[in-house]
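**Q** These are the residues of each chain, in order.
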Amino acid sequence: MIKLLPRNIIRFIVLVLVQVLIINNIQISGFIVPYFYILFILLMPFETPKWVLLVSAFALGLMVDLFSQTPGMHAAASVFMAFLRPYILEMSAPRDGYETGTFPRLHYYGFQWFLRYTVILVLAHHFILFYIEVFRFSEFFSTFLRVLLSSLFSVILIMLSQYFIYRK
Amino acid sequence: MRNLLRFIIRYHFFFLFLLLETVSVILIVQQNNYQRAQFINFSKSLQGSYYETFGGIREYLSIRQTNRDLYMENTLLRNRMDRLLRNRETTYDGGYDSIPHRQFSYIPARVINNSVNKQFNFITLNKGSHHGIEPEMAVIAPNGVVGVVYATSGNYSMVIPMINRNFRLSAKILKNGYFGSLSWTGSGYQAAILEEIPFHVEIQSGDTIVTSGYSAIFPEGIMVGTIAEFEAREGNFYTIAVDIAVDYKNLLYVNVIRNLLQEDQRELERISGND
Numbered sequence: 001m002i003k004l005l006p007r008n009i010i011r012f013i014v015l016v017l018v019q020v021l022i023i024n025n026i027q028i029s030g031f032i033v034p035y036f037y038i039l040f041i042l043l044m045p046f047e048t049p050k051w052v053l054l055v056s057a058f059a060l061g062l063m064v065d066l067f068s069q070t071p072g073m074h075a076a077a078s079v080f081m082a083f084l085r086p087y088i089l090e091m092s093a094p095r096d097g098y099e100t101g102t103f104p105r106l107h108y109y110g111f112q113w114f115l116r117y118t119v120i121l122v123l124a125h126h127f128i129l130f131y132i133e134v135f136r137f138s139e140f141f142s143t144f145l146r147v148l149l150s151s152l153f154s155v156i157l158i159m160l161s162q163y164f165i166y167r168k
Numbered sequence: 169m170r171n172l173l174r175f176i177i178r179y180h181f182f183f184l185f186l187l188l189e190t191v192s193v194i195l196i197v198q199q200n201n202y203q204r205a206q207f208i209n210f211s212k213s214l215q216g217s218y219y220e221t222f223g224g225i226r227e228y229l230s231i232r233q234t235n236r237d238l239y240m241e242n243t244l245l246r247n248r249m250d251r252l253l254r255n256r257e258t259t260y261d262g263g264y265d266s267i268p269h270r271q272f273s274y275i276p277a278r279v280i281n282n283s284v285n286k287q288f289n290f291i292t293l294n295k296g297s298h299h300g301i302e303p304e305m306a307v308i309a310p311n312g313v314v315g316v317v318y319a320t321s322g323n324y325s326m327v328i329p330m331i332n333r334n335f336r337l338s339a340k341i342l343k344n345g346y347f348g349s350l351s352w353t354g355s356g357y358q359a360a361i362l363e364e365i366p367f368h369v370e371i372q373s374g375d376t377i378v379t380s381g382y383s384a385i386f387p388e389g390i391m392v393g394t395i396a397e398f399e400a401r402e403g404n405f406y407t408i409a410v411d412i413a414v415d416y417k418n419l420l421y422v423n424v425i426r427n428l429l430q431e432d433q434r435e436l437e438r439i440s441g442n443d
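One line per chain: the protein sequences are A and B, in this order. Going by our numbering, the first residue of the first sequence is number 1, and it counts up by one from there. Going by our numbering, the first residue of the second sequence is number 169, and it counts up by one from there.
Just so you know, these hints were derived from the structure itself, not from any lab. Please note that a few of the clues may not be correct.
[Claimed, not checked] Computed beta-carbon distance windows for the label pairs:
1) A:Leu152 with B:Arg426: 51 to 57 Å
2) A:Leu4 with B:Leu186: 42 to 48 Å
3) B:Gln199 with A:Val18: 21 to 27 Å
[As the list claims (entries may be wrong)] Here are a few chain B residues that face chain A, going by a calculated C-beta distance under 8 Å:
4) Asn200
5) Gln203
6) Gln206
[Stated by the list, open to error] Which chain B residues stay away from chain A? Per the calculated CB distances, all over 12 Å, these:
7) Lys286
8) Leu342
9) Phe405
10) Asp411
11) Asp415
Keep in mind the model is a prediction, meaning the values are calculated, not measured. Backbone N, C-alpha and C fix where the C-beta goes; we use that ideal spot for every residue, glycine too.
All chains should be built: construct the whole structure from the sequences, respecting the hints.
**A** Structure, rendered in structure tokens:
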């Protein structure tokens, strides 16, 4: 349990670096950008106090913002996502709750559970982020298409990471 | 107080969420040029449509008065046109000048917001830069000077009226041509002060004050007001109280005046100012 904190801090740093140094520079067909860094919020332990969740999501978003010159946008989306997370977890909990000593990972709760959990939160995050970026509703459907496509790529990246990086 | 605190602590998750989102939105609006422009645009257009609605109601209520003013102005214009035509026939001896020597062009606009009870009053018009209005253009009503355009957006423009403490106008006495500087007293939407008229000039209350045309903004000879009273307060100059001709409380249709030769005049005066 004591190892949790340094592990999360390292994950925080690594994910921000991967996002801003590698993924931000990959643009698939011009306007689709996957956002991989939100994996940090997905993987925080079940027992994390809610306020820690919000504050660390804010910090995470702000770090990504700093590197991509968009102050506040990623922060707003990430905080919204962190706000939803406890409700989504509650909604999709197994019948006898989450076992202690486990983490919200594919390894513990299976492909289907993790996919659903990821898709809902990634969609929420991308929705907020892309609509803040265009900041108007006049091109609603073209923005919506970007949300869907980018979410697809983000979800694929996150699912793959579960098989390759967090194998164990 | 304690209950409030307990309430906040109980729902701290939600309040923290609101707080962090607010901080984010403030960051977004303040730090990102595009989002800030969108935000300002939105609030301006909201304001504009609000004023337009209420302006519409006001317009309907004062339609009789407006009709009369328009009618009077029509008559005036017709008279003036007649005189001009005759002038041209007599001055250009035989030859006809095909290039019109036009100095001013008039853009009609409607007042959609107006204040008279502040120290720095402003008027909003329903035409803007899309319609050719630029800052520093003159604004007049059928019965006299209104003010000067201060700022414009695409569809709206803001006017500094004569009843604003920052307003200065070069005005002259119609009957003898002595000119001075006109400003607002700051009290009442009908009273202005004309200064710098020398002591030896003969004036009476009721004399007409018009624009001097020296500023390259207003055409010469537009009605400003009439002399209410005057006194020789200090030194060699009168302090003249002027009744403003325009009724700011009942202002609806105005003309914005573009001076086509303004650049010409400014350019020339800059050259002579440098020497």
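**Q** Does each hint fit the structure? Answer for all of them.
**A** Verification of the supplied hints:
no.: 1; hint: A:Leu152 with B:Arg426: 51 to 57 Å; in the structure: holds (56 Å)
no.: 2; hint: A:Leu4 with B:Leu186: 42 to 48 Å; in the structure: violated (28 Å)
no.: 3; hint: B:Gln199 with A:Val18: 21 to 27 Å; in the structure: holds (25 Å)
no.: 4; hint: Asn200; in the structure: holds (7 Å)
no.: 5; hint: Gln203; in the structure: holds (5 Å)
no.: 6; hint: Gln206; in the structure: holds (5 Å)
no.: 7; hint: Lys286; in the structure: holds (33 Å)
no.: 8; hint: Leu342; in the structure: holds (54 Å)
no.: 9; hint: Phe405; in the structure: holds (57 Å)
no.: 10; hint: Asp411; in the structure: holds (49 Å)
no.: 11; hint: Asp415; in the structure: holds (41 Å)
In the structure shown, a violation is registered for the earlier hint numbered 2 alone.
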